[in-house]
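There are 4 protein chains.
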Amino acid sequence: MASDWFEFLKKDFVQGFPAFCGFEVTHADHGVFETCLKVQDKHRQQDGFVHAGVISTMADHTAGYAAYTTVTRKSRILTIEFKINFFKPATSPLLICRSKVINNGKKIKVVESEVFSASDGTEKLVSKAMLTMTAVPAENIQAVS
Amino acid sequence: MASDWFEFLKKDFVQGFPAFCGFEVTHADHGVFETCLKVQDKHRQQDGFVHAGVISTMADHTAGYAAYTTVTRKSRILTIEFKINFFKPATSPLLICRSKVINNGKKIKVVESEVFSASDGTEKLVSKAMLTMTAVPAENIQAVS
Amino acid sequence: MASDWFEFLKKDFVQGFPAFCGFEVTHADHGVFETCLKVQDKHRQQDGFVHAGVISTMADHTAGYAAYTTVTRKSRILTIEFKINFFKPATSPLLICRSKVINNGKKIKVVESEVFSASDGTEKLVSKAMLTMTAVPAENIQAVS
Amino acid sequence: MASDWFEFLKKDFVQGFPAFCGFEVTHADHGVFETCLKVQDKHRQQDGFVHAGVISTMADHTAGYAAYTTVTRKSRILTIEFKINFFKPATSPLLICRSKVINNGKKIKVVESEVFSASDGTEKLVSKAMLTMTAVPAENIQAVS
Chain A
3 MASDWFEFLK KDFVQGFPAF CGFEVTHADH GVFETCLKVQ DKHRQQDGFV HAGVISTMAD
63 HTAGYAAYTT VTRKSRILTI EFKINFFKPA TSPLLICRSK VINNGKKIKV VESEVFSASD
123 GTEKLVSKAM LTMTAVPAEN IQAVS
Chain B
3 MASDWFEFLK KDFVQGFPAF CGFEVTHADH GVFETCLKVQ DKHRQQDGFV HAGVISTMAD
63 HTAGYAAYTT VTRKSRILTI EFKINFFKPA TSPLLICRSK VINNGKKIKV VESEVFSASD
123 GTEKLVSKAM LTMTAVPAEN IQAVS
Chain C
3 MASDWFEFLK KDFVQGFPAF CGFEVTHADH GVFETCLKVQ DKHRQQDGFV HAGVISTMAD
63 HTAGYAAYTT VTRKSRILTI EFKINFFKPA TSPLLICRSK VINNGKKIKV VESEVFSASD
123 GTEKLVSKAM LTMTAVPAEN IQAVS
Chain D
3 MASDWFEFLK KDFVQGFPAF CGFEVTHADH GVFETCLKVQ DKHRQQDGFV HAGVISTMAD
63 HTAGYAAYTT VTRKSRILTI EFKINFFKPA TSPLLICRSK VINNGKKIKV VESEVFSASD
123 GTEKLVSKAM LTMTAVPAEN IQAVS
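Residue numbers (my numbering), protein chains in the order written: chain A, 3 to 147; chain B, 3 to 147; chain C, 3 to 147; chain D, 3 to 147.
Next up, chain A with everything else stripped away, as it sits in the complex (with noise of 0.2 Å):
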């Protein structure tokens, strides 16, 4: 069941360095996948903002798991390459990272991330990054290139 795969993936996101810096997942549904982050001090650079490793850290690891809807078990997602572009400082609480795939290729999927600041109700778009990510199959896990 697709739903069944989607409320694991739930769950699968938040380890290691995810779940260290604090992201949590808010939806998840064929080709798009939504977190947010509550900015603590641990988070921002030397000027105060979120810090651009923060943003980019969530950009990719939002858009492997948005990839990751699309594929079974038996396949793991790696990140070949990404770019990403930042827009304003990110001041406010939160931040929330929409991630949908672009073009869903059998073996290379390209994955568009945007990050958004958000306060009040209100959200700034902060950043926008572009992905393409490579599903593997599981049992070959090493064999990236």
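For the record, the hints were derived by calculation from the structure and aren't laboratory data.
Keep in mind that this is a model prediction, so the values were computed, not measured.
Watch out, some of these pointers could steer you wrong.
If several chains are the same, the list does not tell them apart, and a pair holds so long as it fits within one copy or across any two.
Dumping the calculated DSSO-like pairs for lysine-lysine here, alpha-carbon to alpha-carbon at most 27 Å [what the hints assert, rightly or not]: (1) 108 x 90; (2) 40 x 109; (3) 76 x 13; (4) 126 x 102; (5) 40 x 76; (6) 109 x 90; (7) 44 x 13; (8) 40 x 90.
Based on these hints, arrange chains B, C and D on the given structure of chain A.
Then chains B, C and D, alone, in the frame of chain A:
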């Protein structure tokens, strides 16, 4: 004195999210910066490799400080965008990042970061990034674009 | 008048390399620009597909003029960098490019271009680009960085 | 013989769009490729500089053939994506592009291209690109993703 500035930047580097991640500075000079990370479980993703977000954060932050070495206290550095490729999974206990300014414009600085997975004295290039950064007057830090 | 400016840009678009390639303008409005290309053999690569360079040129030049629609004659637009993904080979007789400014900063403008391969009224998204452009004073056109 | 393969690729390079643009090959070896272009008015943009599309096409096509030097006739090379930065306007009468494979995976090859504006024996680095390419079996050339 340039060397005072480099010493200041070595300390300034470790705060907020990069401190939380555990990055350490090993070298700084005009247009170059080098950092390392002792890999722990909290840095990993679902397959046990170092998370792409850790590598991206290291590539971005080290590049930012490479750019800082080319300006004075009157300027702040902000990331406009970057692109990063992941060549192979990082599985070793140590990550090393070396960043270099490759085009030192007055306002726009292009920096490259190479990330190595190191073990027993051997280094393997696992990731490379190209980053576009902007130097803004310190008193005008909000005006990113 | 904005509409005069858009009409001027529609003509200004077709000169130099873009004229040599054969691009035509189909639409211009604030923050958006649309162009097309009737594909000929001279646009192909070694396997018979439209060359990635043709698609890149179209994505870049159309994006540049989308950015131009947001400024006045006092500014010139220059490309700082772009990233482009190729989803599938373009094999149809017509290419269409639609560009849109997605973050309209005063100096830094981020634009997206989508390129479609069209045939018999159907369009297939074959490529997408994200571009970072800068608006510089027309009298200072050499000062790119 | 590898040298036969390199000689074949030097000729194969100049066809379709790259031939139309006027690129010439100056060097080929395992993992590297070098080309040049005598700049004419048809290569320029609205401000008189070499068009970003010309530089992008040169960076992409030269990188593709650098990747070709690492495979055999049984494989075709396709561009998955690339990112390119423009450092300064190219105004000299000659462009030189040097491409190098920096990660030679079996299926995924990452290549760098540097483009120089040359005049009177001096070269100025005007652009740098990082490209992700894929080697596909020649008999299966349509299956890009």
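Now for the hints, and whether the structure bears them out:
no. : hint      : verdict
1   : 108 x 90  : between (35 Å within a copy, 12 Å between copies)
2   : 40 x 109  : neither (34 Å within a copy, 31 Å between copies)
3   : 76 x 13   : within (18 Å within a copy, 44 Å between copies)
4   : 126 x 102 : both (18 Å within a copy, 18 Å between copies)
5   : 40 x 76   : neither (33 Å within a copy, 32 Å between copies)
6   : 109 x 90  : between (34 Å within a copy, 13 Å between copies)
7   : 44 x 13   : both (23 Å within a copy, 17 Å between copies)
8   : 40 x 90   : within (18 Å within a copy, 32 Å between copies)
In this structure, the earlier hints numbered 2, 5 are contradicted, and the remaining ones agree with it.
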